[in-house]
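Using the sequences plus the hints, can you model the full thing?
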Amino acid sequence: MRRWGIRKKVLVVTLVPTLITTLMLGLFFTHSWVTNIESLLRDRGESLSRQLAAGSEYGLFTANRGLLTSLSNALLEEQDVRSITFFDSDRTRLLHTGPGSSDNLDIEKLASSQASRITHNASTRFVTPVFLQDLMIQNMLDPDARQSAARQRAPLGWVAVEMSHIRTEKETYKALLISLLLVLGGVILSLLIALRLSRAFTGPIFELNEAVAKLKEGKLETRVNTGAGPEFEQLESGLNAMAEELSKAQAEMQQNIDQATEDLRETLETIEIQNIELDLARKEALEASRIKSEFLANMSHEIRTPLNGIIGFTELLLKSSLPRQQKDHLSTIRKSSEILLTIINDILDFSKIEAGKLILDRVPFQLRDIVEEVMVMLAPAAHSKNLDLVPLVYNDVPDNIMGDPLRVKQVITNLVNNAIKFTQTGEVVLRVSLEDEDKENNRVTLRLSITDSGVGLSRVQQQSLFNAFSQADASTARQYGGTGLGLAISKRLVEEMGGKIGLQSELGKGSTFWFTLTPELSSSGETSAPRDALRGERVIYLEHQKTCGLAVEHLLRQWGMTVHRAASPGAMQEQIEEAQKNQSGYAAAIIGITRHLLNSSQYCGLVRILEIERDCRTLLLTPTLEIHDTPLSELVSGHLSKPVCREALYDELLLLVHGINTSGRGMSRQEHPAHLLPAPANMPRVLAVDDNEANLKLVMTLLQDYRIDAEGASSGFEALSKARQKSFDLVFMDLQMPGMDGVEATSRLREMDNSNHRTMIIALTAHALADEQERLIRQGFDGYLPKPISSGQLAETIRECTGYDCRNAGHADRFPVPEIRDTRRALRPSTRKMQRDCVSVAESIQLAAGKADLAEELFSMLLEQLPADLNQIERFWGKQDLVSLLECVHKLHGATRYCGVPELRSAANRLETALKCSAPDTELQKNQLASAMERLQIWSERTDWQQLFRKHYQRAETS
Numbered sequence: 001m002r003r004w005g006i007r008k009k010v011l012v013v014t015l016v017p018t019l020i021t022t023l024m025l026g027l028f029f030t031h032s033w034v035t036n037i038e039s040l041l042r043d044r045g046e047s048l049s050r051q052l053a054a055g056s057e058y059g060l061f062t063a064n065r066g067l068l069t070s071l072s073n074a075l076l077e078e079q080d081v082r083s084i085t086f087f088d089s090d091r092t093r094l095l096h097t098g099p100g101s102s103d104n105l106d107i108e109k110l111a112s113s114q115a116s117r118i119t120h121n122a123s124t125r126f127v128t129p130v131f132l133q134d135l136m137i138q139n140m141l142d143p144d145a146r147q148s149a150a151r152q153r154a155p156l157g158w159v160a161v162e163m164s165h166i167r168t169e170k171e172t173y174k175a176l177l178i179s180l181l182l183v184l185g186g187v188i189l190s191l192l193i194a195l196r197l198s199r200a201f202t203g204p205i206f207e208l209n210e211a212v213a214k215l216k217e218g219k220l221e222t223r224v225n226t227g228a229g230p231e232f233e234q235l236e237s238g239l240n241a242m243a244e245e246l247s248k249a250q251a252e253m254q255q256n257i258d259q260a261t262e263d264l265r266e267t268l269e270t271i272e273i274q275n276i277e278l279d280l281a282r283k284e285a286l287e288a289s290r291i292k293s294e295f296l297a298n299m300s301h302e303i304r305t306p307l308n309g310i311i312g313f314t315e316l317l318l319k320s321s322l323p324r325q326q327k328d329h330l331s332t333i334r335k336s337s338e339i340l341l342t343i344i345n346d347i348l349d350f351s352k353i354e355a356g357k358l359i360l361d362r363v364p365f366q367l368r369d370i371v372e373e374v375m376v377m378l379a380p381a382a383h384s385k386n387l388d389l390v391p392l393v394y395n396d397v398p399d400n401i402m403g404d405p406l407r408v409k410q411v412i413t414n415l416v417n418n419a420i421k422f423t424q425t426g427e428v429v430l431r432v433s434l435e436d437e438d439k440e441n442n443r444v445t446l447r448l449s450i451t452d453s454g455v456g457l458s459r460v461q462q463q464s465l466f467n468a469f470s471q472a473d474a475s476t477a478r479q480y481g482g483t484g485l486g487l488a489i490s491k492r493l494v495e496e497m498g499g500k501i502g503l504q505s506e507l508g509k510g511s512t513f514w515f516t517l518t519p520e521l522s523s524s525g526e527t528s529a530p531r532d533a534l535r536g537e538r539v540i541y542l543e544h545q546k547t548c549g550l551a552v553e554h555l556l557r558q559w560g561m562t563v564h565r566a567a568s569p570g571a572m573q574e575q576i577e578e579a580q581k582n583q584s585g586y587a588a589a590i591i592g593i594t595r596h597l598l599n600s601s602q603y604c605g606l607v608r609i610l611e612i613e614r615d616c617r618t619l620l621l622t623p624t625l626e627i628h629d630t631p632l633s634e635l636v637s638g639h640l641s642k643p644v645c646r647e648a649l650y651d652e653l654l655l656l657v658h659g660i661n662t663s664g665r666g667m668s669r670q671e672h673p674a675h676l677l678p679a680p681a682n683m684p685r686v687l688a689v690d691d692n693e694a695n696l697k698l699v700m701t702l703l704q705d706y707r708i709d710a711e712g713a714s715s716g717f718e719a720l721s722k723a724r725q726k727s728f729d730l731v732f733m734d735l736q737m738p739g740m741d742g743v744e745a746t747s748r749l750r751e752m753d754n755s756n757h758r759t760m761i762i763a764l765t766a767h768a769l770a771d772e773q774e775r776l777i778r779q780g781f782d783g784y785l786p787k788p789i790s791s792g793q794l795a796e797t798i799r800e801c802t803g804y805d806c807r808n809a810g811h812a813d814r815f816p817v818p819e820i821r822d823t824r825r826a827l828r829p830s831t832r833k834m835q836r837d838c839v840s841v842a843e844s845i846q847l848a849a850g851k852a853d854l855a856e857e858l859f860s861m862l863l864e865q866l867p868a869d870l871n872q873i874e875r876f877w878g879k880q881d882l883v884s885l886l887e888c889v890h891k892l893h894g895a896t897r898y899c900g901v902p903e904l905r906s907a908a909n910r911l912e913t914a915l916k917c918s919a920p921d922t923e924l925q926k927n928q929l930a931s932a933m934e935r936l937q938i939w940s941e942r943t944d945w946q947q948l949f950r951k952h953y954q955r956a957e958t959s
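Residues in the sequence shown are numbered consecutively from 1, following the UniProt record's numbering.
Relax, there's no trap hidden among the hints.
Cut-off 25 angstroms, straight-line C-alpha distance, at most; resulting in silico cross-link-like pairs (BS3-like, lysine-lysine):
| hint | residue 1 | residue 2 |
| --- | --- | --- |
| 1 | K726 | K170 |
| 2 | K421 | K546 |
| 3 | K421 | K335 |
| 4 | K891 | K916 |
The set of hints was computed from the structure by calculation and includes no laboratory data. Please read these numbers as outputs of a predicted model, since none were measured by experiment.
Okay, here's the thing in C-alpha cells:
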C-alpha cells in the first residue's frame, strides 16, 4: 500500500468502510423487518383465536351453528384470515368456513387443553380450546378462581383460525428489495464521493508540480492559486514567496540595494506574524464560543432526559388511585425534581441573560397559585429544620395578572429557598401586598417580601450579594451548597420585568428580601368558583405557631367563617363543651401542632374526647406528612400539612362540616370504564418518536390517558416505515437519535407530504438554547416542545396542531381518578348540640344487678348485634316496611334497656314512638338512631371497654 497513489488510497479508505457498514445495516434491518412481519402475523393469529374462543363459548355449548357461522363470517373479513373451523368436545368438526379443508388437522393437537399453532407452507393454524366459564358471583369477583375452575373442566371444543402467508411473503420480498436498493444506492453514492475527493486531492498537486517545473526553467513570474483549502495554502504561499524572492533578488543584485531588500523582508515577516496571531486568536475565540454552546446544549440534554422520566411518571402516579399521603409523597418527589431542574435552568438562564437572548412571556396567571406551588415545593426543606413556612397574601392583592409565571415563580423560589437555607430556627414568611394601583393603565404595583429569622448579613456582604457566583462568604458554598447564581438571576429577571429588588438585613437578626412587580391586570384569567358553602359556620382553632395561625385564620374569615381561637388544649375542650351546652356547638375543631407534639398524650386525649365524647370533627395541621405511625392518625377525621393550601383546606372543611366530598372520593374507576366510551370522530392519529425507552413510554402513556390513537417508534427508520403504512396528523419527533436523527427523519417525512395532507411535526428535545426554536422551524418542524413534558403541555400542543381538545374528550379528565381516603367509614358532620353520654359503664353494672362480668357480656352481645341491626333498619326504611322496622327497633330498644347506652336508648325510644304514632319526623329520628349506633361502634373500636368493666369488677372484689 505504500506504493499506492493518493487517488487509490482515497478510494479504498472511502469505499471499504462504507460498503461494510452498508451491508451490515442492510442485513440487520432486513432481518429485523422480516422477523417483525412474522411476529405480527403470529401475534395477530393468537389474538384472533383467543377472541373467537371467548365469543364461541355459548355457541359450542348449545351447538348453535347459526351463531358460530355469524362469528366465523365476521372474523373472515379480517385481513390474512383464510378459514375458521369449530370442533366439538368429541374432536369432531362441527363447522368449517372458508377455502380448504380441516381434515388434515392433527387430532393430537385437539387433545391438549392449551392453545397450539400448526405451521404449513402457505398458512398457519392457531388452535385454541374453549372452556365453559363459571358464572357464580363469587367466582366472577375472583379471577384466580375462574382460571382454576376453567383448568379443572374439559374443553367444550376447539376453534382453529387459519392465517394466510401470502401478504407476509409479499412484505418479506419487499423488505429484501428495499434493502438491496439501499445497499446499491449507498455503494454508488460512496463511489461518486470517493472519485470527487480523489480529484480534489490530486488536482492541486499536479498544478504545484507544473509550477515548480516552470520556476526551474527560470520563469520567475509563475504563481500558483489552486483554492484547494487551508492545507495547500501554506505550500502555495511558500512557493509563491520563493518565486517572488527570486525575482526580487535578481532585481536587488542589479540595483545594489541588498540592505533595503532585507529590511523590507523583515517588515513583511513581522506583519505576517501579526496577522497569523490575530487569525489564531479569532479562531480560538470562535472555538471557545462554539464549545460553550455545545456544552450547554449537551448538559441540558443529558440531565433533562432522566428528569423527564422522573417528573412524567410521577405525574402519572399522581393520577392513579392512591391514598392522599402517598400522593403527597409523590408531589414532594415531583417538586424536588423541579428544584433540580431549576438549578439547570439557572445556569442556562444566566448564559441567556449574558448573551441578551432572554425572552419573557406575557400570559395571564394567578399569583396565589404560584405562591402556593412554591410553598408546597419548599415545605419539606423548611420542615426538616423545624421552620414555620407561612404565605400571607392580603385580600386586596389581585389574583389574575399578566406576566411570565415561570419567571415570577423562579424569583420567589430563589428568595424563599435562600431564606430557608440560612435560617436555623424560627420562621420564613412570604408576604404579598398591594403597593399602588393605576386604574387608568389597568396596572398595579405589587410588593413581595420574604422575611426570615436567620443569620443576617453585614453591610459589606450586602454590597456584593447580587453579583454572579457570589455568596456571603467563602465557606457558604461548602456549608449550604448552591451555585451563587440565584440572586444575580433574580435581580436581572426582576429588572427585565420592570420591577426593583433589594434587601434589609442586620447581622444576627435575620433578613428581608423584597422585590416589586408592575403587572397589567388580566380580565381573561380563570376565575375561581365562589366559596360560600362554609359561610356562617363556626370553628374553633388552636395553633402553636403564631404566624401560621394568622394566615389560616385570615383564609377562614375570608370564606365568611367565624373563628374562635383557643389558647390551650384544656381551653379548647371547655369552649366546645360550653358551646354544646348552649346548643350552638362548633362545626369543626382545627388543631395546629409542631412535630414534637405528634406523640403528645395531652393532644391524643384532647382529640379522643372531641371525636368520641363530644362528636366534634377535628382537622389536624402538622408541618409533616409522616403521622401514620402516631396515635393521632387513628383519631383525627382530617389531616393537612403546613403550609396550608386554599383548595385543600376548603375541600377538607367541606367534607368535615357538610360531608360533601368534592374530590370524588369513593367513586370507583369501574363505574366509568374507558372502553365503554366511544372514540370521538375527529380524534387525530399521533406518532411519537424517541430513542429513549422511558421517554417514549411516558409520551405514549400520556397520550393513552387522553384516549388518543397513538403509535410509538424508537428510531427515525421505524417512524418512516410507519408513516409509509398510514398517514399521521401529528408527530412528536425526538432530535438526538442514533442512525437517523430527528432532523433527517423530518425532512424525509416532509417529502411524503402532498397537497391533500400535511403532517404536523413537533420537535421533542431536551436542548434549551435560545435560538433552538427558530432553527428547528427552518428545518421543517412546526413547533418546539422542551423536555420535561407535562400532560398539560401535551394536551395544549395537540389542541393547537389538530384542533382536538383531548382534555374535554379524554377519559382522564372526564372521570378523574378517585383519591382513596384512609378512614374506615364515612365522616359524619359534627354534633352541634349537647347530647347524652354514649356509654356509661357504671349504669351497665347497675342494670346487671351489680355484676360487672354479666354487664360486660350483655354489652358485648349488644355490640355484636349492632351492625346487623343497622343494616336491617336501613333496608326496611328503604323498602318502607314500617312494620318490620318497628319490630327491629323494638328489639333493639329492649336490648338497650339492659346496657348503659343512654344516647342509643333514647334514640331507639324516640324512633319507636314515632313509628307507632306515624309522626312526621320519623326520618329524622331514624337518622339520629343510625348516628347513635355508628357513634357507639366508633367508641367501642377506639376504647378498651373490656378493661373498664374489669376495673369495676376488681374494685367490687376488693371491697
